[in-house]
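Chemist: Below, each chain spelled out in residue letters.
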Amino acid sequence: MDGPDRAQERLQARAPEMELIREAQAGSRAAFDALVRQYEQQVLRLALHLTGSEHDAEDIYQEAFLKAFRYIGNFRFECSFYTWIYRIVTNLCLDQLRRKKTRREDQAVVVDQSGDEIDVLSSVSDNRSFSNPGKELDRKVLGERIQAALSKLTPRERMVFELKHYQGLRLRTIGEMLNTTEETAKNTLFRATKKLRTQLAGLR
Amino acid sequence: MNCELAHERIVLAAYGELPDEQAHELDRHLAACNDCSQEREQLQALKTLAMANPVTELDPNFVARSRMRLEEALDAIPPKRWYERVGQRMLNNFASLQAAPVAAVLLLIVGGGAGTLGGYEYAAARAAHAAGRAAVAQAKVDAAAQEHSGPAEIANISSIEREPNSEIVHVTFNQLVPQHIQGSLDDPGIRQLLLLASANAASPVVRDDSVGLLAAECRAGHGCQGEGIRDALMVALRYDKSVTVRQKALEGLQPYVAEDMRVRDAVLEALLSDSDARIRTAAITILEPVEADTSVRQVLSTVANSDHNPHIRTVSRQVLSRAPEIQ
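Each protein sequence line maps, in turn, to chains X and F.
Per my numbering: the first sequence ends with 347, consecutive numbering throughout.
Per my numbering: the second sequence ends with 331, consecutive numbering throughout.
Quick caveat, the hints were computed from the structure, so don't treat them as lab data.
Glycine is no exception: its CB is placed at the ideal position from the N, C-alpha and C atoms.
Mixed in with the good hints, there may be bad ones.
[Stated by the list, open to error] These stretches of chain F come out as covered by chain X in the derived footprint (C-beta under 8 angstroms, 3 or more residues):
1. 63-77
2. 193-203
3. 277-288
[As the list claims (entries may be wrong)] Over the 10 angstroms line for every Cβ pair with chain X, so calculated as not near, a few chain F residues:
4. Glu12
5. Leu53
6. Ala56
7. Asn57
8. Thr60
9. Pro83
10. Gln92
11. Gly123
12. Ala127
13. Ser162
14. Thr176
15. Ser246
16. Arg321
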């Protein structure tokens with residue numbers, strides 16, 4: 144979770160980081176590499192958990208840091224570098240989630256004989272739980288159910304839930320990263336938890 | 005409290021985002037309302053359930069592979085040429101003026117004007133120089149003057165003086181020819197010059213004067229609501245090399261430490277990492293009204309333990325001991 148410890152580390156880290164940013168802005172590759180090393184774990188972890196695919200996560204990581212390298216000259220210390228880099232990453236992740244959602248919806252909805260649309264994915268996950276009626280769902284299946292429920296959220300809801308629940312960031316920070324207010328982030332989190340509870344109602 | 009509000013607060017409380025006094029109110033409501041306490045249990049169940057999809061540790065091979073691919077891509081980008089970097093830097097400097105819409109408009113006007121009248125201006129400046137006339141032009145700042153003497157033409161700011169017991173300040177700055185204007189502290193033109201001086205002036209005295217005046221305006225509550233002045237003070241507090249400038253910036257930020265989180269962050273940063281003990285001491289005093297904030301307490305306790313100045317350690321310990329305990 145985003146405890147005061149992490150906030151404090153960030154504050155302390157900022158001073159030498161500023162030097163690195165200035166050097167990177169002046170064209171130093173070594174300084175930029177040092178910045179990459181400071182953030183790569185967080186970026187990869189976020190992208191991997193959000194997309195569930197190493198391949199997608201690697202693409203997002205690559206694109207995010209290339210963008211950062213190209214535009215680091217535009218960084219003007221108005222927000223922390225941490226927020227700036229996360230803003231790039233979350234935007235790329237949102238794009239990826241949107242693409243994935245469209246693809247999934249295209250594939251998942253088929254028309255049955257009577258002409259009604261049926262959602263293949265939801266019937267698959269339903270069958271899965273019905274096929275083990277007596278047994279407790281094992282952790283892997285449970286994990287898949289959670290992922291299926293998460294994928295039903297809108298990309299923004301998914302992102303806010305990810306940043307809050309799994310990455311433990313403050314709602315204020317999340318608002319800044321997503322270029323919105325803390326209040327909007329709060330409402331989005333509220334909607335996301337509500338939807339998830341409905342989705343996962345059968346599992347409790 | 006109605007149940008709808010309680011449901012919202014249950015989510016915030018579960019994620020540690022509910023202020024203490026509201027948490028207390030919520031507890032009282034939950035004790036009395038069965039539906040809502042079930043709601044809380046369900047949310048806790050969801051939180052537990054969601055942990056079945058944990059954030060796993062990264063495979064080092066995966067990290068290494070990603071980094072290698074990135075490095076290859078970065079190597080393939082040709083290094084920026086010196087003129088691209090200079091261009092970028094100039095762009096950034098100009099972009100910092102965007103904070104004031106007036107300045108942005110002026111920039112356009114001046115840019116257009118400079119293109120067509122550049123030769124004429126140059127000749128006029130030469131003539132003025134050759135004639136040996138005093139290169140100081142007096143101009144009252146009014147609407148008309150603003151259109152023609154925007155910050156874009158200003159090379160640097162050489163002095164700032166305030167008339168005793170009045171709102172009037174004199175700002176001397178260099179344009180194509182050095183100029184001098186006077187006007188009220190509330191005048192947008194004057195403020196723009198002060199903002200420029202606070203960030204760009206080479207002389208610490210000028211920076212000191214401008215930051216001092218801006219800070220005094222903020223403390224007096226004279227239209228410091230706009231982001232521009234506050235931002236300038238935060239920049240001065242973080243980056244200015246002169247201790248007195250930082251000190252004045254800190255004083256100017258004092259009224260906003262409770263309401264503006266960015267101001268609070270800047271003051272916390274000063275408390276943690278400013279090289280001068282006086283600034284750190286002043287930061288502690290300023291933070292007293294918001295000492296119940298967890299990040300403030302955390303920084304205070306770090307300072308109380310690890311600041312190398314014994315006086316600062318003692319003061320922060322005292323402040324901490326006065327603040328009520330947080331659950």
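Chemist: All hints are to be evaluated individually against the structure, with a verdict given for each.
Modeler: Hint by hint, here is what the structure shows:
no.	hint	result
1	63-77	holds (count 9)
2	193-203	violated (count 0)
3	277-288	violated (count 1)
4	Glu12	violated (6 angstroms)
5	Leu53	violated (6 angstroms)
6	Ala56	violated (4 angstroms)
7	Asn57	violated (4 angstroms)
8	Thr60	violated (8 angstroms)
9	Pro83	violated (6 angstroms)
10	Gln92	violated (4 angstroms)
11	Gly123	holds (32 angstroms)
12	Ala127	holds (36 angstroms)
13	Ser162	holds (26 angstroms)
14	Thr176	holds (28 angstroms)
15	Ser246	holds (17 angstroms)
16	Arg321	holds (17 angstroms)
When each numbered hint is compared with the structure, violations occur for hints 2, 3, 4, 5, 6, 7, 8, 9 and 10.
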